[in-house]
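Asker: Hey, can you work out the whole structure from these sequences and the hints?
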Amino acid sequence: MGSNNLAGTSVNSTREMTRARAIKRFKWITISPIVVIFLVVLMPALILQLYFSFFGWTVYLGSWWDAEFVGFEIFEEVLTDERLGWAVIRSLYFSFGSTVGCFLVGFGLALLMYRPFKGNAFYYIMFIIPMLTVPIVVAYTGEMLLYQNGPINGILSSLLGHDIKVSWLADADIALTTVMIMEIWNWTPFSFIIMIAGLASLPKEPQEAAQILGAGKFRVFFEIQLPLLRPVILLALILRFLEAMAEYPKIWSLFQGGPGSVTETIPVLIYLTTWNYFEISKGAAQSYVVMILMILIVLGAIWVLRREKTNLDQMYK
Amino acid sequence: MRLNKRNKKYIFEGFRYSTLTIWLVIVGFPLFWIVGTSFKPDAEWFAWPPVYWSETPTLSNYANVWMGKEELTVTQYAQSMQKPWKALGNSTLVALVSTSLSVFFGAILAYGVSRYQVLTEARMFQLLMLRMVPPIVIVAPLSLHYSTLGLLDTHLGLILVYFLTTLPYAVWMTKSFIDEIPMEIEQAAEILGASKWRTIWEVVLPLARSGLVATFLFILILTWSEYLLALLLSKTEVVTLPVELSKYEGSTEGRVYGRQAALAVGITIPLIIIGIFIRKHLARGFSFGMVRR
Chain F
47 MGSNNLAGTS VNSTREMTRA RAIKRFKWIT ISPIVVIFLV VLMPALILQL
97 YFSFFGWTVY LGSWWDAEFV GFEIFEEVLT DERLGWAVIR SLYFSFGSTV
147 GCFLVGFGLA LLMYRPFKGN AFYYIMFIIP MLTVPIVVAY TGEMLLYQNG
197 PINGILSSLL GHDIKVSWLA DADIALTTVM IMEIWNWTPF SFIIMIAGLA
247 SLPKEPQEAA QILGAGKFRV FFEIQLPLLR PVILLALILR FLEAMAEYPK
297 IWSLFQGGPG SVTETIPVLI YLTTWNYFEI SKGAAQSYVV MILMILIVLG
347 AIWVLRREKT NLDQMYK
Chain D
3 MRLNKRNKKY IFEGFRYSTL TIWLVIVGFP LFWIVGTSFK PDAEWFAWPP
53 VYWSETPTLS NYANVWMGKE ELTVTQYAQS MQKPWKALGN STLVALVSTS
103 LSVFFGAILA YGVSRYQVLT EARMFQLLML RMVPPIVIVA PLSLHYSTLG
153 LLDTHLGLIL VYFLTTLPYA VWMTKSFIDE IPMEIEQAAE ILGASKWRTI
203 WEVVLPLARS GLVATFLFIL ILTWSEYLLA LLLSKTEVVT LPVELSKYEG
253 STEGRVYGRQ AALAVGITIP LIIIGIFIRK HLARGFSFGM VRR
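In order, the protein sequences belong to chains F and D. The numbering used here puts the first residue of the first sequence at 47, with every later residue one more than the last. The numbering used here puts the first residue of the second sequence at 3, with every later residue one more than the last.
It is worth saying that the hints were derived from the structure and are not from the lab. For each residue, glycine too, the CB sits at the ideal point set by N, CA and C. Among the hints, a few may not be true.
Claimed, not checked - Facing chain F, a subset of chain D residues (Cβ under 7 Å, in silico):
#  : residue
1  : Ile36
2  : Val37
3  : Gly38
4  : Phe48
5  : Tyr118
6  : Val120
7  : Met131
8  : Met134
9  : Val135
10 : Ile138
11 : Gly277
As the list claims (entries may be wrong) - Simulated restraints, written as ranges between beta carbons of each label pair:
#  : chain 1 : residue 1 : chain 2 : residue 2 : range
12 : D       : Thr150    : F       : Gly306    : 51 to 57 Å
13 : D       : Asn6      : F       : Ala216    : 52 to 58 Å
14 : F       : Gly306    : D       : Leu151    : 36 to 42 Å
Answerer: In structure tokens form, the structure reads like this:
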């Protein structure tokens, strides 16, 4: 018996060892192509970016590899530049505004639609179409609708009985809000889809229990549905916010930062610095500052999402 | 007077349908407008008051954009760089190849994560960085790096960056589908003597098929409509459709709305068809494991 047992464990342990080796090999096969492409494509670019931030170079100055080392000079210039500060503020304003807008509309629609009703499928299909529209097409459609002789002013004119000529795209006070509205139109379906899935997946029992105990609709909503939805809500807000920080096609194709500089968000500023003023080093330093800022934001977002996911994993174990 | 239950229900239904219809108009009107504009003759593009429904619809915008028939119109528009068919070919090639790569590698990585934890949860979240840090911060040195490698203005160059930037979504989305496949099925296949790769290829991936298709089409939408990288990593050869559309301006007339609309409709229709096709899977793909059933 004893010798049998011994033989059994040794077979088991060799089996475990081959299994561990197989997993290790699997890990290499699946991860290495990705790592290789990352190292070949992105890593050199990141290093070049760092090089340019410390070596002053513009395209007028000979070969880029002969640039002069200037230490933290460019970073100092960039960090004290009010223009970058304003670009960050505009990007945050644009992203917060469009995220909240998308979320409120999307959640509202989801609340009205998550229980089956007549015409459900038709409304659902229509409501996801904006997300399927190419962003640059959204931009041009927005321009066709909103230019001074466009149909939005036309409808407002006929409703109010006199000619309305709001210059949605050229008025410095409203240009950024105009593009924010386009962004909300474009991406509300994203929040809508996530929220409708979240609402449909909520367990019925706690809600029914609360109703039996005499809680009204509003209390059930605020005290049961909303807390249960928290992970989904955070996900919808965070993903949308991060994608909005990178928004470029609409703002660039319609405004290029103008009128004046009121739509000059982070991506537009970096583009202008690099490709219009050819200040490669300044653009690189701006990029690094923004990258660090974004990494901090993403790390915060990841921390929040992980906490929610761990809670959920424990709940559903 | 207290409302009885029946009346309350009617009021709610009325509220529901009127709210939904308002949003339907907000969603539908821009779509109606761009489709309508694509059929309008030149004179109606900028008319005041605006022309809502053209009395003299024309196909000349489509003929001009997609078939290069200039003689159908009164005025001449610059056509030097306008090659929508070439752009369509570029977009199709780049989007299909990068999406296939992304979903393939994403799916086997997701399988490894789901079954063997080849990436820890922390690494899975860090993977999101590839997508969530805006591409503008890297694109300038990337184009320089690409020009030394000879990848600038090539299909491969665009395919590689698209592969990297869509990979996080591919892994997260496919993982949520693979997680749902019971392990017992794979174990059965292995007991019957199938190798690991054969199990993945012939058992796991077919079972996750609908999820893989949804992921594929979702990422196809992202790469098809990508603008910034496509603009800055191409010059003349791999111009994609969104970049082509942004170049579509008359040399002297400024914007040519009808032509832009005709091109925009052509670009968007495939995506809308795809999206409607996968609508049932979108929710689960987006939910990053946060929606439990």
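Asker: Against each hint, give a clear statement of whether it holds in the structure.
Answerer: Tested hints:
1. With a least beta-carbon distance of about 5 Å to chain F, the hint placing D/Ile36 at the interface is held under the 7 Å criterion.
2. The restraint placing D/Val37 at the interface with chain F is violated, with a minimum CB-CB distance near 10 Å, outside the 7 Å limit.
3. Below 7 Å, beta-carbon pairs count as interface contacts, and D/Gly38 has none with chain F, the closest being about 9 Å; its hint is therefore violated.
4. The criterion of a C-beta within 7 Å of any C-beta in chain F is met by D/Phe48, whose closest approach is roughly 6 Å, and the hint holds.
5. With 7 Å as the threshold, the beta carbon of D/Tyr118 comes within range of chain F, its nearest partner Cβ sitting at about 5 Å, so the hint holds.
6. A least Cβ separation of about 4 Å between D/Val120 and chain F falls short of the 7 Å threshold, and the interface hint therefore holds.
7. About 6 Å separates the beta-carbon of D/Met131 from the nearest beta-carbon of chain F, less than 7 Å, and the hint is met.
8. Interface hint status for D/Met134: upheld, as the beta-carbon distance to the closest one in chain F is roughly 5 Å, under 7 Å.
9. This hint holds: D/Val135 has a C-beta 5 Å from the nearest C-beta of chain F, less than the 7 Å allowed.
10. Nearest Cβ of chain F to the Cβ of D/Ile138: about 4 Å, under the 7 Å cut. The hint holds.
11. Using the Cβ-Cβ criterion of 7 Å, the hint placing D/Gly277 at the interface with chain F is satisfied: the shortest such distance is roughly 4 Å.
12. Range check, D/Thr150 to F/Gly306: about 38 Å between beta-carbon atoms, so the 51 to 57 Å window is missed.
13. Taking the beta carbon of each, D/Asn6 and F/Ala216 are about 55 Å apart, inside 52 to 58 Å as hinted.
14. F/Gly306 and D/Leu151 have their C-beta atoms about 39 Å apart, which keeps the hinted 36 to 42 Å range intact.
Consistency with the previously given hints fails for numbers 2, 3 and 12, ordered from lowest to highest.
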